Amino acid sequence: KQEVTQIPAALSVPEGENLVLNCSFTDSAIYNLQWFRQDPGKGLTSLLLIQSSQREQTSGRLNASLDKSSGRSTLYIAASQPGDSATYLCAVTLFGNEKLTFGTGTRLTIIP
Amino acid sequence: SAVISQKPSRDICQRGTSLTIQCQVDSQVTMMFWYRQQPGQSLTLIATANQGSEATYESGFVIDKFPISRPNLTFSTLTVSNMSPEDSSIYLCSVGPSGRGNEQFFGPGTRLTVL
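Protein sequence lines correspond, in order, to chains P and B. For what it's worth, our numbering labels the leading residue of the first sequence as 6, then goes sequentially. For what it's worth, our numbering labels the leading residue of the second sequence as 467, then goes sequentially.
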């Protein structure tokens, strides 16, 4: 059974700093990995999707990397801003199954 | 990306009643899913809503408690039946795959409180 873990559970950093969020998964036979952000009481916003054949994806200040063999992904946020404060979730799908298995989430707070 | 709406956005319900949540997508999609997010927890898949056939439920979720309809490729409903306070959660629908490598998109969620 696929298990997805995110460490740390919570993170506070001063505005302007670069930061890294971590995601690990137990079954490396993934089809893709997706990063989401969730604002309090809201739905999920898709940030980046990495296919199993890719090593990284970039969108603006965000960069996500994938190392399938070690079962890890990182989300790098450059020059953090207070608007980046949210919960960040990673989720994976396996081949032949569109079901998303979610990580436990990292609650990020950017301190002005 | 698909634009997804959900109704209602939130509700407060009495124990023993039922609530039907609607999910509408602005384009035809192959897959629609329903997730539950209990307070302080991550998301758990309830079921896959199949167009024209019965939904496929995950372990721990049953049709009598969470009946699902999917009459066409743009619309689905989830009913939470005979509610108890333990059903207080955010319920989210998602759609996929998109043309971009099975990326999935989520609706804004329905926040349910059961008294």
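Any given hint could be a false lead.
Using C-beta positions, here's what the derived DEER-type ranges look like [as the list claims (entries may be wrong)]:
id	chain 1	residue 1	chain 2	residue 2	range
1	B	Q488	P	P45	35 to 45 Å
2	P	P45	B	T496	29 to 39 Å
3	P	S74	B	L581	20 to 30 Å
4	P	S58	B	N548	24 to 34 Å
5	P	F100	B	G518	24 to 34 Å
The hints are simulated quantities; they were obtained by calculation from the structure and are not laboratory data. Note that the structure is a prediction, hence the values are computed from the model and not measured. Beta carbons are placed, not taken as given, at the ideal position from N, Cα and C, and that holds for glycine.
Taking the hints in turn, this is what the structure says about them:
{"no.": "1", "hint": "B:Q488 - P:P45: 35 to 45 Å", "in the structure": "violated, 23 Å"}
{"no.": "2", "hint": "P:P45 - B:T496: 29 to 39 Å", "in the structure": "holds, 31 Å"}
{"no.": "3", "hint": "P:S74 - B:L581: 20 to 30 Å", "in the structure": "violated, 49 Å"}
{"no.": "4", "hint": "P:S58 - B:N548: 24 to 34 Å", "in the structure": "violated, 46 Å"}
{"no.": "5", "hint": "P:F100 - B:G518: 24 to 34 Å", "in the structure": "holds, 25 Å"}
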